[in-house]
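Using the sequences provided together with the hints, build the complete structure.
Going down the list, the sequences are from chains A and R.
In terms of this note's numbering, the first sequence opens at residue 216 and continues consecutively.
In terms of this note's numbering, the second sequence opens at residue 2 and continues consecutively.
Treat the hints as calculated values from the structure; they're not laboratory data.
Any given hint might turn out to be false.
[Stated by the list, open to error] Residues from chain A that face chain R, not an exhaustive set, calculated with beta carbons under 10 angstroms:
#1 241
#2 243
#3 245
#4 246
#5 268
#6 271
#7 272
#8 274
#9 295
#10 299
#11 306
#12 307
All C-beta atoms, glycine included, are put in the ideal place defined by N, C-alpha and C.
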Amino acid sequence: MRKFVSAKSFLSALVMYLLMTGTATAQEGHPLKGSWIGEWSGNSTHGDFVLLVMDWDGKNVTGVINPGTDDMVIESVTLNPSDWTVTIRAAGYELQGRIQELELPSRSIVGTWKNGNRNGKLEISRQ
Amino acid sequence: MKKAAFKKKTLSLVLAASALCGAASLQAHHPVQAKFDKSQVRTLSGVVTLLDWSNPHAHVFVNVTQNGVTENWAVELESPVELKASGWNSKTVQPGDRVEVTGLLARNGTRQIWADSIVLSGTGREVFTLNDNPPVKPLVPRPTPRWPDGKIALGATPGSGDGYWGYPDETALVEDGVNVSFDRYGQLANINDAARVAPMQDWALALYRHRQQRDLQDDPMYLNCKPPGGPRQYQSNLGIKLVEDKAGQRVFVMLGSGNHNYRIIYLDGRDQAGQVGGDDDNPLYYGRSVGHWEGDTLVVNTTGFNEDFWFSNGGLPHTSLLTLHERFSRPNLDTLHYEVTVEDPGAYTRNWSASWNLQWVGGEELPVHFCQDNRP
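And the structure:
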C-alpha cells in the first residue's frame, strides 16, 4: 500500500510538472515515439495516472509503462496506419485506442484498457 | 556553321521562353493553402487604409463597405523581399486608393484574403504582381570558377562579385525517375500519386497522405519557424549561399529563407560527432555533416538529425535514423547540381535518391527573410 501511494504521488507530481512545463515538443517522425501521459481510469492496482515512454527502431515500437515505479516493459505494439488504431500489450495489460489529432505534437490516444476482467477508459497525450 | 548558328538561335529562343515562363522559384514563406482555402475565391472592392510593408508578408488593409456596413480586411501579399525584387515598393498603393482584390479567403473565417490580384480601380493597373523569372543564362555556358588550388568554387570567389544559388528546378523531393506533379509548395496534384513519391513504410505513407490532405497546414516551418533541414534547404524559395572557409576547412550553407539559419559541412576529417562537450548525442535540425572532395564533387555525409521538422516541401516523413549522402557539383558557373541519397530505415523501405539543379544568381546578396516574423 505504501508503495502504491508513493507511485501515485510520483506520477501525480510528474503530471503536474509536465502540464506546467508547456506544450509537447515537436515530433514529426513516427507518431508513437515519445512520452505519453494521462489516465487509465479505474485502475485500482496502479492508480489512475499512467505514463508510457515509446520509441521506434525502424521495425518495432518498444517502451515501458510507468518507468521508475512499475517498469512494465511493453511487449508488443501494433499500429494500423489505415485508421491509426493502436494496440499495446504489457504485463497482462492490453491497451487499445486510436490516435487523435495525429498532426499535433500533443496528439492523444483515446480508447480502453483491460487486464483480466478489469477494464476502463484510456486517455493519454503525447508530451 | 549555318547549323551551329541555327542551333545557337534556337537555344536563345528556348532560353528566352523559359525565362518568360519562369521556374516558379519565388513563393510564399508557407504554402498559401495552409492558411487560405483554395475553394473559397472572393472578390472585394474597397479603399486602402494602410500598407504594412514588413516580412514575412506585406499586408494591404482595405475598408470594404457592403450593405451599409464597413469592415476592414487584411489583404495578404508575398514578402517585401519578393515584391521589391519585382519592382514594387511601399508607395505602390496609398491610403485612399480604391482597389479590387481577388483571392482566397482565410480558412479560420477571419477577414483575411490572399491576393491573387490587386487592381487599382482608377487606372485598371494590376499591382504587386511577381516577376519570378530566373536570370537568363548565357548562350554559351561559362566555365566553372576555381580556386587557386584548382578546386571548384561552390560559391563566389574573391573578386568575382557576390551571388547565391536559387531557382531550384524541382521544389519537391521525389525519387529520381518518378514523374508526378506537385505545386510549388510540394502539394501533390493527385493524392493517389503519394505512394510513388518515395518508397515509404506504411505508417510514413499514411502520415504523408494525412499531411497532404490537410493542405500542408501543419508544416512546422510555417507554424513554428522550424528550420528546413535536410534536402529542403536546397528547395527553399529564397535560395542558399555556399561560403567556403578554405582556412577552416569547412563550408557554410547559409539560408535565405526559413529561419535564416546556417549549416556547417566540415572537411577537416573530424569525427561525425558532437563538436561541443556534452553535445555528442544531441540531434540537430541540420545534423552533423562531414565531407570530402572526390574530383570536382563535394561528397557529404550527414547523420544526427532530430525529428522536429519536415525535411521536404510537402511533408515526407523522416526519423532520427536518417543519414543523407549528398553530392555537390558545379558543371558550369551558373549551375549547381545537387544529388541526395536518403537512407532512413525508420521511414523508408530502401535507400532512394533525388537530384536537381539550382541556378546562380550573380551580383546579389542572399535575400534576408525571417520566418521568425511569421504571423500564421
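Here is what the structure says about each hint:
1. 241: holds, 4 angstroms
2. 243: holds, 5 angstroms
3. 245: holds, 6 angstroms
4. 246: At about 7 angstroms, which falls below the 10 angstroms cut-off, the nearest Cβ of chain R leaves the hint on residue 246 of chain A intact, so it holds.
5. 268: Status violated, d = 15 angstroms.
6. 271: It holds, given that the least Cβ distance between residue 271 of chain A and chain R is near 6 angstroms, below 10 angstroms.
7. 272: It holds, given that the least Cβ distance between residue 272 of chain A and chain R is near 8 angstroms, below 10 angstroms.
8. 274: Holds, because the Cβ-Cβ distance from residue 274 of chain A to chain R comes to roughly 8 angstroms (cut-off 10 angstroms).
9. 295: holds, 9 angstroms
10. 299: With Cβ-Cβ at 8 angstroms, under 10 angstroms, it holds.
11. 306: violated, 25 angstroms
12. 307: Interface hint status for residue 307 of chain A: violated (27 angstroms vs cutoff 10 angstroms).
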